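Take the sequences, apply the hints, and build the full model.
This is what each chain is made of:
4 protein chains.
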Amino acid sequence: MAQDTGFDAPTGPEGSSLRIGVIGCGRIGRLHADIIARDVPGLALGGVADVVTAAADGVSAATGAPVMTIDEMLASPDIDAVAICTSTDTHVDYIVAAAAAGKPIFCEKPVSLNLAEVERGVDAVEAAGVPFMIGFNRRFDPGHVSVRDAVAEHTIGDLHLIRITSRDPAPPPVEYVAVSGGIFMDMMIHDFDMARFVAGSDVVEVYAKGAVRVDPRIGEAGDVDTAVVILTHEDGTFTTIDNSREAVYGYDQRLEAFGSEGMAVSDNQSVHYGRTFTKGGAIAEPLPWFFLDRYLPAYRREWEAFRDYLVSGGPSPAGGNDALQVTKIAMAAGQSMREGRAVRLTEIS
Amino acid sequence: MAQDTGFDAPTGPEGSSLRIGVIGCGRIGRLHADIIARDVPGLALGGVADVVTAAADGVSAATGAPVMTIDEMLASPDIDAVAICTSTDTHVDYIVAAAAAGKPIFCEKPVSLNLAEVERGVDAVEAAGVPFMIGFNRRFDPGHVSVRDAVAEHTIGDLHLIRITSRDPAPPPVEYVAVSGGIFMDMMIHDFDMARFVAGSDVVEVYAKGAVRVDPRIGEAGDVDTAVVILTHEDGTFTTIDNSREAVYGYDQRLEAFGSEGMAVSDNQSVHYGRTFTKGGAIAEPLPWFFLDRYLPAYRREWEAFRDYLVSGGPSPAGGNDALQVTKIAMAAGQSMREGRAVRLTEIS
Amino acid sequence: MAQDTGFDAPTGPEGSSLRIGVIGCGRIGRLHADIIARDVPGLALGGVADVVTAAADGVSAATGAPVMTIDEMLASPDIDAVAICTSTDTHVDYIVAAAAAGKPIFCEKPVSLNLAEVERGVDAVEAAGVPFMIGFNRRFDPGHVSVRDAVAEHTIGDLHLIRITSRDPAPPPVEYVAVSGGIFMDMMIHDFDMARFVAGSDVVEVYAKGAVRVDPRIGEAGDVDTAVVILTHEDGTFTTIDNSREAVYGYDQRLEAFGSEGMAVSDNQSVHYGRTFTKGGAIAEPLPWFFLDRYLPAYRREWEAFRDYLVSGGPSPAGGNDALQVTKIAMAAGQSMREGRAVRLTEIS
Amino acid sequence: MAQDTGFDAPTGPEGSSLRIGVIGCGRIGRLHADIIARDVPGLALGGVADVVTAAADGVSAATGAPVMTIDEMLASPDIDAVAICTSTDTHVDYIVAAAAAGKPIFCEKPVSLNLAEVERGVDAVEAAGVPFMIGFNRRFDPGHVSVRDAVAEHTIGDLHLIRITSRDPAPPPVEYVAVSGGIFMDMMIHDFDMARFVAGSDVVEVYAKGAVRVDPRIGEAGDVDTAVVILTHEDGTFTTIDNSREAVYGYDQRLEAFGSEGMAVSDNQSVHYGRTFTKGGAIAEPLPWFFLDRYLPAYRREWEAFRDYLVSGGPSPAGGNDALQVTKIAMAAGQSMREGRAVRLTEIS
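In order, the protein sequences belong to chains D, F, E and C. Just so we're aligned, residue 24 is where the first sequence starts under the working numbering, counting upward by one. Just so we're aligned, residue 24 is where the second sequence starts under the working numbering, counting upward by one. Just so we're aligned, residue 24 is where the third sequence starts under the working numbering, counting upward by one. Just so we're aligned, residue 24 is where the fourth sequence starts under the working numbering, counting upward by one.
These are computed hints drawn from the structure, not numbers from a lab. Just so you know, these numbers come straight off a predicted model, no measurement behind them. Accuracy of the hints is not assured; some may be wrong.
[As the list claims (entries may be wrong)] DEER-style ranges, computed between Cβ atoms:
1) C:G303 x E:D258: 19 to 27 angstroms
2) F:P320 x D:A98: 41 to 49 angstroms
3) F:S39 x D:S110: 32 to 40 angstroms
4) C:I371 x F:D316: 43 to 51 angstroms
[Unchecked claim] Some chain C residues judged to face chain E by a derived CB distance under 7 angstroms, without partners named:
5) P165
6) G166
7) S169
8) A173
9) T178
10) M286
11) S289
12) D290
13) T301
[Claimed, not checked] A few chain D residues that don't get close to chain E, going by computed Cβ distances all over 10 angstroms:
14) A60
15) V197
16) A244
17) E257
18) R323
Don't be surprised by glycine CBs; every beta carbon is placed ideally from N, CA and C.
This is the structure we're talking about:
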């Protein structure tokens with residue numbers, strides 16, 4: 024019984040796994056399908072669907088799961104929950120349809136680039152009372168979780184400051200940038216979520232600066248590639264964030280919380296731990312380049328968390344309000360950057 | 024064409040993967056079957072076999088590969104190579120049979136606890152001219168490989184010293200210890216292989232000390248649980264090794280090469296890189312506990328190396344002579360410990 | 024010959040050291056006197072002066088240098104340069120007097136809490152053409168210098184971001200806070216200097232947030248104890264800074280520069296490098312608590328730099344314009360925090 | 024009252040510091056004189072002596088302490104203890120003379136290269152009942168002490184293994200090597216002392232291997248430059264040690280203790296903690312090159328320990344038996360290397 028939703032915990036066939044239907048078989052959909060099919064006890068891949076049939080066929084061949092149309096999947100009694108992994112602009116329509124069909128929903132982030140759309144999706148979920156979780160994979164990274172725990176368990180006392188650095192190894196294609204919603208909605212949204220996740224306190228004000236330093240074509244596409252932000256939380260904590268679209272030394276992902284009794288840090292890991300010492304110094308490996316080298320364990324834990332949420336209920340590991348809040352923060356950041364002033368979240372609607 | 028063996032490179036059906044047959048479906052066999060089936064482009068799992076049919080059935084169910092008898096597998100034109108993953112005492116019989124059947128062979132370490140048996144297996148392989156590789160997984164760990172490369176590429180100049188620490192998180196069952204061949208044959212054999220692999224020079228002398236410090240029952244079983252060894256290589260390099268059957272802080276695996284121009288180190292990795300700083304100090308995670316948390320990438324690379332060896336030929340990544348040498352070193356270590364003196368490898372036969 | 028100043032390089036008695044007179048024998052004056060007397064080849068302690076004679080007597084007893092009045096020191100042909108180590112509010116008067124006396128000047132930071140006063144001091148120095156250096160000790164920390172060098176030598180390409188964390192182990196007495204000029208002028212001024220030093224580019228805009236989180240009495244004294252700032256440099260680089268008056272785990276001093284070709288980091292050092300690994304994890308030492316445990320080498324290098332500057336001329340390692348700029352940044356930060364908006368340096372006068 | 028010696032604690036003039044007379048004003052004597060004169064509360068430099076008067080004059084000029092003859096020093100009521108810092112072959116004669124004069128003695132290591140001489144010195148000290156401490160500076164390194172404490176306080180449970188690496192940045196002059204007593208007596212003696220210090224258990228057996236790898240002239244001088252040793256302690260603990268006369272990356276000093284409940288490590292420290300991350304990896308500083316960069320704090324703590332030992336009594340921080348034991352271990356190591364077998368300490372006399 025999912026206590027907070029009043030929704031009956033879905034169960035698969037007697038004694039067997041919960042069957043997940045994956046909607047959208049692009050890069051992230053294939054990843055999720057693969058993890059569900061192979062790595063998570065208690066979950067099974069019940070079917071795959073994509074408007075491009077060939078994409079679904081490929082995942083089906085690799086996993087053995089049947090291809091379905093989306094309508095078939097939502098209607099099927101053999102599908103216990105759906106994972107929405109389509110392009111962002113279609114998320115909310117599928118959320119609404121899945122909620123209407125009474126299916127528990129896992130949805131990739133971001134729910135939508137448009138606040139009204141996020142609200143429409145969240146309203147549909149709440150009206151239907153179905154379990155709903157957003158794929159904020161960093162909430163399941165063991166290092167980041169250890170920082171959150173150090174705050175939640177008061178190991179570092181009262182929280183004063185959070186410091187987040189996220190830098191991608193290389194920028195996405197300019198065509199993607201143009202439709203991405205911008206750096207705050209597309210990239211820093213993960214950090215906004217981390218700030219709320221670690222602090223356990225909502226954000227009330229945002230100040231943002233951005234610049235085009237990596238590639239002028241990103242500027243021509245109307246976006247920035249380098250950004251710094253100060254968030255002020257309801258409890259008085261400050262979060263500083265910096266983002267860059269290109270860190271040539273690898274995928275740089277660091278998180279730090281500082282409080283009255285200490286500091287908790289989630290640091291980068293190296294590709295491997297071989298080092299060479301010569302007259303010129305000590306040389307170690309650069310950081311991992313590929314996001315999965317850092318976050319694959321987090322993607323697995325994400326599905327364990329979804330499974331446990333379906334089975335045991337309780338609050339969503341990353342629910343509708345989380346989507347609303349980070350969307351507002353991203354919008355406030357964009358407005359702050361454009362207007363050159365701090366923007367309060369109450370201004371966003 | 025495998026140049027060193029005169030063996031024609033096996034090819035799967037036109038344009039497709041090499042089909043591996045796994046003999047022995049215990050823990051390590053299942054691991055290999057799983058990796059072959061899912062993770063290595065160019066390899067496919069052609070079949071699984073076990074004298075205990077139920078074991079093979081389980082792996083078949085998980086991977087979709089057909090169950091065969093061992094005789095069927097060796098006779099099948101649909102099997103391009105075999106992986107021998109049975110209990111150690113049966114390795115050589117299967118090597119001989121597979122060699123007779125003309126199948127390329129991957130064999131788990133150790134080939135045998137008995138030198139004459141190792142020789143019998145190696146002789147059969149050489150007579151048949153089939154590719155042969157032993158599963159010394161550490162040869163494929165990226166950190167350890169970086170140390171070997173620093174020696175081979177002369178980054179650290181002339182090699183003078185190697186230092187190896189291997190400590191298991193917990194001792195095996197005493198019943199296992201009794202039939203394991205002892206700490207030198209069962210555990211330190213990996214380190215003997217690393218010493219030869221890193222140095223690129225054979226071992227000529229061994230001095231060993233051992234003691235029962237972890238568990239008196241290990242002593243009652245005729246073995247030691249704590250050992251230190253000095254190896255002298257043909258080129259004058261010294262290697263020191265220490266082993267313990269129980270490191271409560273995790274699976275401790277370190278390797279260091281020191282030479283005239285520097286030092287190369289392969290260090291442990293942490294479970295994750297979260298840390299907490301308080302008045303009392305900085306607290307980090309212990310080491311991984313489970314050997315796969317450390318060496319899973321090495322097991323994958325091992326199969327890539329086997330594939331490349333089959334396709335491109337060249338010397339085996341870990342061949343028959345490697346098995347002979349480490350068996351002799353382990354025997355010399357045992358004799359040294361018992362007799363309280365250095366033992367030269369020329370004494371072993 | 025000090026090229027930039029047109030001032031003749033001072034020389035001590037033939038072949039001997041430059042004789043420094045220390046004005047002000049409090050904590051920092053004693054430290055400088057001790058370093059000059061013992062640790063810097065080419066420098067000698069020529070005399071010590073303090074309006075409180077007993078303070079000067081103590082330093083004289085420890086170092087063997089004669090006690091002088093300030094007037095005597097400025098008039099003495101046996102004093103080649105002076106170090107002004109008095110309380111901040113007296114700095115400029117002594118700068119003016121020393122400049123009038125033609126003495127090269129080392130002055131502790133900050134020159135003054137008042138911009139007009141800083142200008143008066145700098146004007147006097149420029150009018151007299153005497154060498155002038157401010158005691159921004161962090162400019163001489165080897166780790167921080169390595170970051171500056173990585174930027175200046177373009178090792179990390181074009182600079183995009185700087186990230187600075189400075190946290191004191193414990194807050195100063197509240198009475199001190201009340202007259203300190205506030206966290207931006209008293210503490211973060213070091214970080215403003217580092218930002219300019221590392222970037223090699225002036226700051227044009229400041230956004231600051233502050234809060235009282237450590238001790239409410241600091242708030243009652245009109246100051247904050249926790250602050251975050253975003254600086255925008257003339258070349259487009261952003262710097263984020265966070266400060267806290269109390270980090271219970273020690274003196275936390277970190278600096279990072281990020282650019283198109285990489286990242287340079289100056290990290291904390293530990294009290295020592297002993298660690299313990301047990302079932303519960305790996306425990307290391309906390310950070311040094313005392314600022315000299317971190318920066319004593321920097322204080323020594325600072326005097327070497329002053330000596331070299333006197334002997335060889337060239338631009339000051341930390342000159343009058345540096346003092347003016349950081350004072351303006353600190354003022355802009357205070358105004359930004361009070362008014363809740365970004366403040367441009369052109370607004371400050 | 025020095026309890027263990029029956030010797031009355033020396034006291035300086037009422038309320039003032041203990042006055043140390045330094046015998047021998049070479050490199051190490053100057054270092055000790057400087058530390059005593061400046062850095063240790065409760066100690067004063069009472070005088071300096073050297074058979075080469077000019078050497079004493081230099082130290083006197085730098086410290087202000089009077090020059091004395093050695094006879095004057097031993098007879099002076101103004102000298103409370105002596106520090107013997109002369110060449111090794113003269114140590115015992117001065118020990119005997121100082122003991123006869125009733126002066127507490129600090130003696131640089133090694134006491135003598137000759138066991139009978141060590142015994143003569145120790146006998147004289149015991150007969151006179153004067154406090155006696157050997158300058159084993161590593162016993163006072165904070166990192167090494169933390170390892171000893173982890174053993175002594177049972178933080179890591181029962182001790183099983185010790186692992187020591189000591190490598191010098193560059194070999195000494197060949198002329199020095201010829202009279203040094205050899206690598207075991209000159210260099211590894213520090214590690215033998217560390218093994219006993221950390222284990223708290225005597226060594227009963229030694230196995231040693233040595234080779235000439237760094238410089239053939241060291242071999243021509245009758246010594247080796249590369250050595251590995253296994254020590255067996257009375258309590259069953261094994262210690263492995265490796266030494267090299269030349270580590271081009273700096274002064275490499277590491278120590279590790281492993282036991283039933285964990286591991287304690289004393290690691291190297293870096294010159295500074297600046298690092299650069301680029302596409303090619305992360306580059307850090309090499310190790311310190313100069314022994315004082317690593318051990319200066321240990322030299323200071325050594326004198327604090329000598330002071331406390333004089334004032335409070337108790338066992339010597341490094342006494343006569345320690346000198347005897349490490350001399351025997353070094354002799355056993357030499358014999359083991361020459362004879363190619365393990366040598367028990369009971370064989371040495």
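If you take the shortest Cβ to Cβ gap from D290 (chain C) to chain E, is it below 7 angstroms? Cβ of D290 (chain C) sits 4 angstroms from chain E, so the hint holds.
Hey, does the T301 (chain C) contact hint survive, CB to chain E under 7 angstroms? Result: holds, 4 angstroms to nearest chain E Cβ.
Closest CB of chain E to the CB of A60 (chain D) still more than 10 angstroms away: holds (34 angstroms)
CB of S39 (chain F) to CB of S110 (chain D), is that within 32 to 40 angstroms? Given about 34 angstroms between the Cβ atoms, the range holds.
No chain E beta carbon within 10 angstroms of V197 (chain D)'s: Given a closest Cβ separation of 17 angstroms, the condition holds.
Agreement of hint A173 (chain C) with chain E interface, Cβ distance less than 7 angstroms: Where the cut-off is 7 angstroms and the nearest Cβ of chain E is about 5 angstroms from A173 (chain C), the hint holds.
Go through the hint on S169 (chain C) and say holds or violated, using the shortest Cβ distance to chain E against 7 angstroms. holds (3 angstroms)
Against chain E, run the beta carbon of P165 (chain C) and see if the smallest gap drops under 7 angstroms. Constraint on P165 (chain C) satisfied, holds at 4 angstroms.
Against the range 43 to 51 angstroms, how does the distance between the Cβ atoms of I371 (chain C) and D316 (chain F) compare: consistent or not? holds (47 angstroms)
Just to be careful: measuring from the Cβ of S289 (chain C) to every Cβ in chain E, is the smallest value less than 7 angstroms? holds (5 angstroms)
Starting from the range 41 to 49 angstroms, see whether the pair P320 (chain F) and A98 (chain D) falls in it by beta-carbon distance. With Cβ atoms ~42 angstroms apart, the hint holds.
Since A244 (chain D) was said not to touch the interface, does its Cβ keep a gap of more than 10 angstroms from each Cβ of chain E? holds (18 angstroms)
The structure fails none of the hints (numbered hints given earlier).
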